[in-house]
Structure formats: C-alpha cells, structure tokens
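Asker: In order, the protein sequences belong to chains R and H. Residue numbers for the first sequence, in this note's numbering: 1 to 192. Residue numbers for the second sequence, in this note's numbering: 193 to 397.
Rather than coming from a laboratory, the hints here were simulated on the basis of the structure. This structure is a prediction, so every number in the text was calculated from the model and none was measured. Hints should not be assumed to be uniformly reliable.
Simulated restraints, written as ranges between beta carbons of each label pair [as the list claims (entries may be wrong)]:
#1 R:A183 <-> H:K320: 17 to 27 Å
#2 R:D10 <-> H:G236: 51 to 61 Å
#3 H:R328 <-> R:D189: 33 to 43 Å
#4 H:A270 <-> R:G175: 34 to 44 Å
#5 R:R74 <-> H:S371: 27 to 37 Å
Where is the CB? At the ideal position from N, CA and C, for every residue including glycine.
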Amino acid sequence: MISRRLGKEDSATRSKLLDAAEALMVEEGYAAVTSRQVAKRAGLKNQLVHYYFRTMDDLFLAMLKRIEEGDLGRLKAAMVAENPIRALWAFSSDPKGAALILELWVLGNHRKPFRRHIAQYMTRLRKRQVKHLARFFEGRTPEPEALALLVANLVVGVSRPLVGETAIGMGEGHGEILSLFEAYAGRFDPPG
Amino acid sequence: VVSGRRIGAEDSATRTRLIEAAERLMAEEGYAAVTTRRLATSAGLKPQLVHYYFRTLDDLFLEIHRRVVRESIETIRAAMRTDNPVRALWAYYSDPPAAALKIELRALANHRKALADYVQRSLVTIRKVQVSCLHRHLKSRGIASRAEAVKVDVAVVSLSRFLVSEQILGATVGHTETSAFVEDWLAQFDGSGPLDRPLWPGAPA
Numbered sequence: 001m002i003s004r005r006l007g008k009e010d011s012a013t014r015s016k017l018l019d020a021a022e023a024l025m026v027e028e029g030y031a032a033v034t035s036r037q038v039a040k041r042a043g044l045k046n047q048l049v050h051y052y053f054r055t056m057d058d059l060f061l062a063m064l065k066r067i068e069e070g071d072l073g074r075l076k077a078a079m080v081a082e083n084p085i086r087a088l089w090a091f092s093s094d095p096k097g098a099a100l101i102l103e104l105w106v107l108g109n110h111r112k113p114f115r116r117h118i119a120q121y122m123t124r125l126r127k128r129q130v131k132h133l134a135r136f137f138e139g140r141t142p143e144p145e146a147l148a149l150l151v152a153n154l155v156v157g158v159s160r161p162l163v164g165e166t167a168i169g170m171g172e173g174h175g176e177i178l179s180l181f182e183a184y185a186g187r188f189d190p191p192g
Numbered sequence: 193v194v195s196g197r198r199i200g201a202e203d204s205a206t207r208t209r210l211i212e213a214a215e216r217l218m219a220e221e222g223y224a225a226v227t228t229r230r231l232a233t234s235a236g237l238k239p240q241l242v243h244y245y246f247r248t249l250d251d252l253f254l255e256i257h258r259r260v261v262r263e264s265i266e267t268i269r270a271a272m273r274t275d276n277p278v279r280a281l282w283a284y285y286s287d288p289p290a291a292a293l294k295i296e297l298r299a300l301a302n303h304r305k306a307l308a309d310y311v312q313r314s315l316v317t318i319r320k321v322q323v324s325c326l327h328r329h330l331k332s333r334g335i336a337s338r339a340e341a342v343k344v345d346v347a348v349v350s351l352s353r354f355l356v357s358e359q360i361l362g363a364t365v366g367h368t369e370t371s372a373f374v375e376d377w378l379a380q381f382d383g384s385g386p387l388d389r390p391l392w393p394g395a396p397a
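The task is simple: from the sequences and hints, build the whole structure.
Answerer: Below, the structure is given as structure tokens:
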C-alpha cells in the first residue's frame, strides 16, 4: 500500500472539519456524518475531508481524540476547585458533552470496532476523575482510592442521565435529587 | 377500529413482526441499521410491506417507542408488586438488551422533534407511575415523604441506566465498588416492616 500524504493535525481547516462533524453528530446523528455533509457544513470542498482523514473512521477517531483532550483539560481545571465533588457534578452535567457522548455510544453500537475506542476513552477519563478525587480524600479516609472509585461513579452516574432528560425538557424529580446531592456534597465544602 | 386509513391494520401479526424485527436490529446494530430493505430481510418479508404498515421510518420509530413505553409501564407495575420493589426496579433498568434499545431511542429523539416530544411525555409518565408506586411502598415502611420516593426513583433509574450503558461498552472502572455499595443499599428494602437504617447512608439528617 502506498502511503498518502495527509494534512497536518494542527491545521485550522482540519479543526473546522471536526467542528462541522461534531455539530452534525449532535444535531442530526452519526448517520449524517458523511464526507459530503461534513464538507458542506464546514463550507469546504469534499476532497478536503479525505485530505485530512483517510476514512470516515479516522475522522471519528480524531473527533474522539479531540473530545478526550478537551475533557481532560476541563477536568484538570475543574478539579482544583475547593470542593471537587461539586466540580465533578458540574463537569459531567455539560449538556453539549452529554449529547455527543450519547451519539458516540450509538455510533459504537453501529460500528462495533469503534466501541473499543469509546470504552478506552471513558476508562481513561474515569481513572483521571478517580485520581483527582483520591488525592482530595487523602488523609480524610482510610481508603481514599476505594472511596474515590465509588464517589466518581455515583456522581457521574446520577448526574449524566439527568442531562439527557433535561435536553428533551424532562425535569421531573431533578430538584429532589439535586437537594440530596447538595446534602452530601456540602459535607466537603471548606469551612466558613 | 381503524377506519379510513390506507395503511395496514394496527393489530396485524405482520405489523408486529416488523416492529419486533426493527427493535432487534436497533438494539443489536444501531438505529442506522433500520432501513426498509434490512428490516424486510430480517423479518423475512417483502420491502413493500414495510411501507404498507408504516408510511415513513419515523412512524415506525414512534411505534417502537410506544410499544417500549407500554411494556415498561406494565413491567414496572408488576415489579412494584414484588416484596422488594426497589430491587425489582433496579433489575428492570439493568437489563442490557432492553437498555440498548432505550439508548438508541433516546439518541434518535435528539435529532427527531416528533420523537422528542413523545419521549419527554413518556418519561414524565413513567417517572410519575414509579414515584407513586414507590411512595406507597415507602409509606408502608415508615417513610411518608413523597420527596424521598422521588429521590429513590431518580437515583435508581439514573445510576442503573448509567452503569449498564458503560457495561455494554466494556468500560467498568469502579463498577465493582459501586455494585457492592448498591447491593448493600438495596438490601435495606428486603423483608418488611419499618426500615431500620437511614435511607441515605452518611447524609446529614
């Protein structure tokens, strides 16, 4: 196989194409993410899509990589907060992120080889969340790592599905669960 | 009775066969796999029959959703009649194939307005059914506040759905710890009579 020259990873055009693909994912679903549609949405020529991405699978992988980099950056910034438990709730309640993750999940159901990549992304992200929380729990509990694993799953696991409900206008019960979360999270607020 | 419609009758066995085939395709291969041709092949029927029963694929998706909601409400009501309804509710939402179909429908609803309205209304209905059943149960166990029933419902539904969605993917960091915690929490509802420990362990009263 002859290796073909591909466009640079830091190119503005490439990132414009990824923006367009993400927007299509969220608004119309993965089935709408074709080279023609992506180019049209970005206001660029069709051929440019394949100049930057050999295949649509490569484009999806690049999208996932960019999402992960963004998430890890946002997470790092969020977790320096005085109360990282509240910060994690806010982090996983980002509405844009939730719609995109849901669409990546169903993309993985449709293209099974892609599923592994999503699982790896989620695993790395959760591990990072656990690491931040474990550092916070250090000295407060005998087993910071075990508590961090549990808290990360409880916080992300309860908040994430709520975002999807909110997105379609369903808020029934959200106030009650939020008050329960506040009661737990409040225990870790700095004094004063 | 369906009258004045030029499409197939709602009670037809063929129509049911198409809906069931579509549900399977959707859960196993994703919503994009549900095309007229694939659906017909998978149901062992002629492609024209798909459009005889459903004008558009959107009509079919809506019908799948209606059926899922009807079945959910029936199953939930039955689950609520068991000895530990909280555990039964957890088990209901933790079934991977059923969860996969629901995740697909939710994703579709993000891009199809007609489906979004229906999903929103049905989620409200299901939450109300669950909360009223849980409220009745918790009252009999000494917890009268409806807000507590709401919290139990949201916590169970959200967390079980989240864990099963990760489990299907194969991303399970911390699931062992979380499952152990959940199992211990669910166990408090076993048996009968007033609950003998705080509903929310470690939360300030």
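Asker: Run every hint past the structure and note whether it holds.
Answerer: Structure-based check of all given hints:
no. : hint                          : in the structure
1   : R:A183 <-> H:K320: 17 to 27 Å : holds, 24 Å
2   : R:D10 <-> H:G236: 51 to 61 Å  : holds, 52 Å
3   : H:R328 <-> R:D189: 33 to 43 Å : holds, 36 Å
4   : H:A270 <-> R:G175: 34 to 44 Å : violated, 29 Å
5   : R:R74 <-> H:S371: 27 to 37 Å  : holds, 28 Å
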